[in-house]
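Participant: The lines below spell out each chain.
There are 2 protein chains.
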Amino acid sequence: MVVEVINTGTELLLGNTLNTHLVFLGQELFPLGLRIARQAAVPDGEAIRDALTEAMGRAEIILVTGGLGPTTDDVTREIVAEMFGMPLREDAAVWEHIRERFARRGLALNERNRRQAQVPGDARVLWNPHGTAPGLYFARGNRHIFLMPGPPRELRPMFRDVVAPILKEIVPGGATFASRRWLVCGMGESGVEAAVGEPLLAIPGLELGYCARPGVVEVRCIGTPEALAKAEAVVTKTLSANLAGEGSDSLEELLVPRLAALGRKLATAESCTGGRLAHKITGVPGASVVFDAGFVTYANAEKTRALGVPAALIAEHGAVSEPVARAMAEGALERTGADFALATTGIAGPDGGTAEKPVGTVYIALAIRGGETRAARHFYPMDRLTFQDMASNAALNMLREALG
Amino acid sequence: MVVEVINTGTELLLGNTLNTHLVFLGQELFPLGLRIARQAAVPDGEAIRDALTEAMGRAEIILVTGGLGPTTDDVTREIVAEMFGMPLREDAAVWEHIRERFARRGLALNERNRRQAQVPGDARVLWNPHGTAPGLYFARGNRHIFLMPGPPRELRPMFRDVVAPILKEIVPGGATFASRRWLVCGMGESGVEAAVGEPLLAIPGLELGYCARPGVVEVRCIGTPEALAKAEAVVTKTLSANLAGEGSDSLEELLVPRLAALGRKLATAESCTGGRLAHKITGVPGASVVFDAGFVTYANAEKTRALGVPAALIAEHGAVSEPVARAMAEGALERTGADFALATTGIAGPDGGTAEKPVGTVYIALAIRGGETRAARHFYPMDRLTFQDMASNAALNMLREALG
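As they're listed, the protein sequences go chains A and B. Be aware that the first sequence starts at 1, since it is given in the numbering used here, and climbs by one per residue. Be aware that the second sequence starts at 405, since it is given in the numbering used here, and climbs by one per residue.
The following block holds chain A by itself, in its conformation from the complex:
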């Protein structure tokens, strides 16, 4: 069955909001045996009409996000009702839910919120325990149309709890193909393809893709279980030293449970990554079991005070240097109960570079309780946030290598 996604919202096209729905929906649809064939973003208002008409001509399942809010620019509900000749009616249960929700959070209700209790004709209400806008589902011939609210924290549970079960009934066969994806670290995209591209493409019926993110490359294969087993043999043999794991989006998602299983703890001492490394780790549920403490020591005086890096060492080598990275990691290990401590010091830019240490230079160190400290220099001449991501991933990769 062909699936299309329509995201409504002027803010998406004006560049004020990142569209995170496509990632979520793509990942959630896959295990149901569904893939998104096309996605479109259209502004608030009338444009949803054309986009929906076109999608109706191509797709059996249409997922629409946004435009269900209380404000006057949210008109998806009204336009769909008009398109399909379904008069709007106030749903008493929805209105009661909205009132109850406002009362519980101690917020004042206003008449605008009442619009969210309007339901077109025979559409089925999709309950939204995380917000006031209910979702709506209706079928026309063999077309299935789902309207879902725009805020991710409302859409996501609604999709998982309500929409996915309906889709399972519509697609009774379930997945007819499977997918596997491997996370590769410390290699560029073309290097990864040079290593595995030819043997993977030689596997009959295998669909192959690569996706480069800051500091990691994903190898993605789709095919029959037999083809995927052959792909696995190629990937694990050829990329072994750089292979971080399977099925995860990020190194931290692989490393947090790994450290937890080993009963080991991690500390971080960051300069140039500015908290990004700690945030990557603490973004993984359960991180508190493995993460004791992090230091973000931007100022030199703080590297000395908080981590015990000798001021003379900073004066001799500069704050961005291998000896300082090592001393930061060792200082963090000494001051915490951790078994591993990762440190970063570098030049995120846009200013602060020199000929010898240009913007993008970073030193990373890993101190290991009862082991030798490791260190490496990398060069990521990118924008500030990409630099922070790449340096954080390089640090996590150093930990991965140490865990063996």
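Certain hints may be false.
[As the list claims (entries may be wrong)] Ranges of calculated distance between the beta carbons of each label pair, as one might list FRET restraints: (1) 198(A) x 454(B): 27 to 35 angstroms; (2) 641(B) x 111(A): 21 to 29 angstroms; (3) 774(B) x 264(A): 41 to 49 angstroms; (4) 755(B) x 233(A): 31 to 39 angstroms.
Simulated from the structure, these hints should not be mistaken for laboratory data. Built from N, CA and C at the ideal position, the CB exists for glycine as well.
Starting from the structure of chain A, add chain B where the hints point.
Facilitator: Same frame as chain A, now just chain B:
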């Protein structure tokens, strides 16, 4: 002129990669007097053909991203060459650039990279100093088609340095409308509309939109300079206490230059936000002038060791409590040279909640050198990353209020 964007990449539709291009392009096109009328994402391969054909029927300017890489799933170049009957030729200068680039970074070149030196017919090469894939531009009748590489760190400078100047020639009039946007904190989206919606909609010719992000709401107005001046009067008068500023995406972008201008420094002491608060601040260029040090104290023992929070205080009130938040902030202030210290302690979930302090509870404190410590309790019963974002923004908003 009508602008459409086509993003190619199976990874976008499978949910493996976030599409950040639309935000970037939307923001960059606006000052050129251009707005994106529609965006579509299609998988790698043949689908680009249909999407491009359809867009040609509606738009004058078509921006295509992705599919120019070295791997076999990157076929935008080849398909466009075939569609428009432009034979591919190897461009000697591009090939030389690719070879030089690999040599400089000390990477091994392979034959796959040579495909990136292929240029269709009369297309103009758009130089890519940040990668191997050149962009391509060609005009057909009054249609202007730009092919740009997928990686954001390659696309962004190419757009700014090469594509934008070409667009300025195509759209000689420049912007015929203007836009202003205000960032509002500490209010929900419907509360913001209840406050300003009616008077703003009463301004003739003003286009109005709202966009809620974790912890902040943006009010966006488009119109003539006169209409926008009236809108400003409404917004600044009605929302004054909650108005963080104008034209910025985030509180941190407003606060970092503000602190710098005041010559003040900030420290952070985070538990539940896990580094997100420090990362927000250090993500702003120039943050090193105002940010001394951050602590991520997940373990109770670390709150005591690194920040001097009395163990007895934690035992009496619990780590998630107002007294501990205050002690964390005051400890961070005492231990650093900062003028302000923000602290967060809460329950990010998914586990760890109690009846009295459910998942989503967070205490935030602000210690002020020579002033009284402030504290507040908030409740953000959302997913882990949204919770971290909302709590970090609530902390930044407390600092904003203190700065007056």
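Participant: Hint by hint, say whether it matches the structure.
Facilitator: We went through each hint and held it up to the structure:
Restraint check, residue 198(A) to residue 454(B): a C-beta distance of roughly 30 angstroms satisfies the suggested window 27 to 35 angstroms. At roughly 23 angstroms, the beta-carbon separation of residue 641(B) and residue 111(A) lies within the given 21 to 29 angstroms, and the hint holds. At roughly 43 angstroms, the beta carbons of residue 774(B) and residue 264(A) sit within the given window of 41 to 49 angstroms. Between residue 755(B) and residue 233(A) the beta carbon distance is about 38 angstroms. The supplied range of 31 to 39 angstroms therefore holds.
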